[in-house]
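There are 4 protein chains.
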Amino acid sequence: MATAAGFYRRGWVLGTSGNLSAVVERDPLRLAMTPSGVDKGALPAGHILMIDEEARVVSKHDARPSDESPLHIRVVRERGAGAVLHTHSIWSTLLSDLHADRGGLAIEGYEMLKGLAGVKTHEHREWLPILENSQDMPALAESMAEMLRQHQDAHGFLLRRHGLYTWGSDLAQAKRHVEILEFLLEAVGRSGSIAGKPNL
Amino acid sequence: MATAAGFYRRGWVLGTSGNLSAVVERDPLRLAMTPSGVDKGALPAGHILMIDEEARVVSKHDARPSDESPLHIRVVRERGAGAVLHTHSIWSTLLSDLHADRGGLAIEGYEMLKGLAGVKTHEHREWLPILENSQDMPALAESMAEMLRQHQDAHGFLLRRHGLYTWGSDLAQAKRHVEILEFLLEAVGRSGSIAGKPNL
Amino acid sequence: MATAAGFYRRGWVLGTSGNLSAVVERDPLRLAMTPSGVDKGALPAGHILMIDEEARVVSKHDARPSDESPLHIRVVRERGAGAVLHTHSIWSTLLSDLHADRGGLAIEGYEMLKGLAGVKTHEHREWLPILENSQDMPALAESMAEMLRQHQDAHGFLLRRHGLYTWGSDLAQAKRHVEILEFLLEAVGRSGSIAGKPNL
Amino acid sequence: MATAAGFYRRGWVLGTSGNLSAVVERDPLRLAMTPSGVDKGALPAGHILMIDEEARVVSKHDARPSDESPLHIRVVRERGAGAVLHTHSIWSTLLSDLHADRGGLAIEGYEMLKGLAGVKTHEHREWLPILENSQDMPALAESMAEMLRQHQDAHGFLLRRHGLYTWGSDLAQAKRHVEILEFLLEAVGRSGSIAGKPNL
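Chains as they are written, first to last, in this note's numbering: chain C, 1 to 200; chain U, 201 to 400; chain P, 401 to 600; chain D, 601 to 800.
What the hints contain is simulated information worked out from the structure, not anything from laboratory work.
Treat the hints with caution; some may be incorrect.
[As the list claims (entries may be wrong)] In silico lysine to aspartate or glutamate, EDC-like type, Cα no more than 20 Å apart, as pairs:
#1 C:Lys120 x U:Asp267
#2 U:Lys314 x D:Asp736
#3 D:Lys720 x P:Asp467
#4 P:Lys514 x C:Asp136
#5 C:Lys114 x U:Asp239
#6 U:Lys314 x D:Glu732
#7 C:Lys114 x C:Asp67
#8 P:Lys520 x C:Asp136
#9 P:Lys514 x C:Asp67
#10 D:Lys714 x D:Glu742
[What the hints assert, rightly or not] Cβ-to-Cβ under 7 Å is the rule here; a few derived chain P residues that face chain C:
#11 Gly503
#12 Thr521
#13 Trp527
#14 Asp536
#15 Glu579
#16 Ile580
#17 Glu586
[Said to hold, decoys possible] Which bits of chain C does chain U cover? Going by a derived footprint, with three or more residues having C-beta under 8 Å, they are:
#18 102-115
#19 181-191
Because the structure is a prediction, the values reported are computed rather than measured.
Just so you know, even glycine gets a beta-carbon here, dropped at the ideal spot from N, CA and C.
Pulled out of the complex, with its shape left as it was, chain C reads as follows:
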């Protein structure tokens, strides 16, 4: 997948981190999904799994879907998303920790915000909620769904010391949201060191 390889080149899905999914069919739900534990820099298209709404593999693969598949499925349901992307960048990792106590991070006043779906002006305040990280996926999926309902306008969220989730109506829009949010997280993160103090 060109998207995965591009994120790998930027250092957003190093190791076997990150995962990508795209809706192929809605009823019944069929999600094309990156398998667990693979190197996104060398991912042949044939390795993409097809999973159902319970995160069971329905294609002929013996690979396992990512542990985080339930999060992708819930984002698809809650937001009607056509694609869900998850990256582990340096800046999302750092800012998700620095701002965790406030429960989220506000990004406002940047022209780049206009690239988020439905945003028409830089005079926009994007609230990026931050969830505590957890290995209990059913519980995490529940608290994530609750958070998405509370923050209907959010275009993404952070898992603490873990990374960014964002989505879009299709893969192209989701990829655009990754690039925009990663850019803004880097800008916010560096603006702290440029001004000699963290940007809180």
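Given chain C, work out where chains U, P and D should sit, using these hints.
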């Protein structure tokens, strides 16, 4: 366009940000221009629009020209430029905010300045004016034109929390100006954190 | 080797720094190893040496194995590793110095840690031991072996102002460990400047 | 030239900055040299000039040699170098300014130093002299030659707010010296911000 793809690789036109234009004919004005809302990392040459002096599309495309086309057209008129390039880098975004209260940013004493058209020595002081960002394009084009007349020697300017505009007699010179100004903005930005305080 | 070229592109094996080895046979030990003093950005596959357990070249090459071959051989023996990778990145260089007085560096709480072999949760504390650098290879190999026995759970270690060593059951796992540890070192390093103080 | 394109990708010769030369013949001196004012990211091999010991073009080109050709010629004479490389990176630009008052910059204790010709241990202290920048090339060439005689062991030097010069017995060694010195300059530069104060 190789120029757009190169800027994308450097992270200067992520998402759908940034736009590029080049004069094809001067009378009547015909400007080749990147369309609105496209990914500059994957822009086929056939998607470049042709617009006139009122920013109307005159080629057979159903795409929309960038909202910022009026700025490109005014730069062409005010400066006689052959190409206008606009990037959204991290450093132009951060410095345009940090220096906004002073109305601009002075860059001086760097050898790299010699790459700007007409500059013969590093003992040059480049004043990069900063304009408040706005979504009111006719008003912004007016204040930009006024600013260009006041700063006849400027090789570019910044829009606050938005990015860099620069231009050149042709696309090659404009691309050189982007690389030089982006380099200098990064140098100025990092010189603040290297010295433990912002470089104001 | 694609792995070497990839590390070169990320700036982890610039100059002639860094070296890579992979076990070809265990009994007697045969290790495929990068030669001394070569540019990893332009390393033809045919230049890889085969060495034995005494670091003698057993393939038909007149190149010399890396001076650090004894370290690779000892890691293979102590850990049963199938591949050993050594990088000289900016962040491993800086943090190996900053944390040298404490004898190591703790990295904990990051989701990325789950990419290390056997780690199942982000609630893991990875202790990355730091050894003083030395040109006396037999002595360094001894102190390294002693350190590996004391820190049975370590997935890698740092040489002070020198770089990172890590390994894996095969080359793919070792490469994954490099990417994960380099990511985490960069995160730890930048978290100091983002918070306005070193992260000690 | 692959070397120029590689430096361009790393951002060390942006705009039209930087230049490269290699000795083709010693008596009479014939130096292959990048022309003035070209984009190193798109430099066809056929554009390389041949110049003599007075920096006159002796090949059939109407391009001009770089203004800094006299510096290259003097380095070749003073050091017996086979290739001379000059880059304008962010870190060489910043450190050449920060350390200018001391007349140079000491780099010591890094394993990476071993990649410099003749250096056998990390317990080496490399003194990188810094010269004031000037557009008076004959005068600059004289003060540079004087400096090279005073610092017989130096593998390179900095021009203030301008960049790095280094050389080698051939192009491969000179390229290695660029990568090593650029790495070390970045390490020294970042070690200041990581420790919360400039590294003076």
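In ascending order, which of the hints set out earlier in this document are inconsistent with the structure? 7, 10, 11, 13 and 14
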